[in-house]
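All chains should be built: construct the whole structure from the sequences, respecting the hints.
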Amino acid sequence: MKPILLQGHERSITQIKYNREGDLLFTVAKDPIVNVWYSVNGERLGTYMGHTGAVWCVDADWDTKHVLTGSADNSCRLWDCETDNNEPYMKIPCNDSKITSAVWGPLGECIIAGHESGELNQYSAKSGEVLVNVKEHSRQINDIQLSRDMTMFVTASKDNTAKVVLGGGQEAMDVTTTSTRIGKFEARFFHLAFEEEFGRVKGHFGPINSVAFHPDGKSYSSGGEDGYVRIHYFDPQYFEFEFEA
0 MKPILLQGHE RSITQIKYNR EGDLLFTVAK DPIVNVWYSV NGERLGTYMG
50 HTGAVWCVDA DWDTKHVLTG SADNSCRLWD CETDNNEPYM KIPCNDSKIT
100 SAVWGPLGEC IIAGHESGEL NQYSAKSGEV LVNVKEHSRQ INDIQLSRDM
150 TMFVTASKDN TAKVVLGGGQ EAMDVTTTST RIGKFEARFF HLAFEEEFGR
200 VKGHFGPINS VAFHPDGKSY SSGGEDGYVR IHYFDPQYFE FEFEA
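Position 172 (the sequence shown) corresponds to 171 in numbering that gives the first Met the number 0; numbering is contiguous.
Source of the hints: derived by calculation from the structure; they are not laboratory data.
Honestly, I wouldn't trust all of these hints.
Only pairs whose alpha carbons sit at most 30 Å apart, straight line, appear in this in silico DSS-like list of lysine-lysine [stated by the list, open to error]:
(1) Lys97 / Lys64
(2) Lys29 / Lys201
(3) Lys16 / Lys201
(4) Lys64 / Lys90
Written out as structure tokens, the structure is:
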């Protein structure tokens with residue numbers, strides 16, 4: 000499995016996200032840059048500039064016409080994906096608590112955002128106003144994932160997390176004093192039903208901060224503390240693997 004290495008950020012990757020078709024990969028980091036790449040070959044398609052702080056989250060709507068980003072500059076910005084315009088068409092201020100995770104709602108009519116405070120907000124994608132506000136977590140919300148039919152979503156917070164594919168590693172402060180062979184900066188794969196680990200992929204020089212699967216299940220990407228994004232296409236043996244009865 001030879002990865003495609005993407006180098007487009009100056010600081011640690013915070014999130015990577017495929018669009019619904021899987022032909023595009025969006026990446027954000029602790030720098031103010033938002034990049035979009037062709038997932039098939041790793042060629043950079045465009046860059047969205049405008050944030051003044053770290054960008055924590057990114058998501059494309061269902062038909063890849065619009066992209067949202069949430070940043071430490073206390074704003075959520077909506078961009079026109081098709082024109083690669085560096086000016087967002089809407090800025091949603093989040094002065095009370097910065098956005099740390101966000102996704103598009105059904106049909107791109109709203110935005111569901113998680114905040115550093117543990118709050119969840121639903122914003123109108125047309126006006127930017129808050130439609131719903133709840134507080135289900137006591138600490139920062141790290142991730143939001145919608146179900147396939149978009150009727151419900153799952154939140155992952157610093158007060159409670161659960162993952163099937165795990166990105167592992169140490170605290171960033173310990174990276175420079177640890178051998179890469181000891182640090183175990185690898186993506187680990189578990190069978191959902193049998194709860195058994197069946198594979199590991201190494202390569203990053205620091206903790207893995209974000210993992211995303213291509214919609215067709217034939218590849219995945221990982222973004223690390225080292226600032227690199229790696230696109231991995233599975234070898235044919237991966238699809239032939241079977242657990243012993």
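Requested in this report: Please write out, lowest number first, the hints stated earlier that are contradicted by the structure.
Outcome: Of the numbered hints given earlier, the structure breaks none, since each of them holds.
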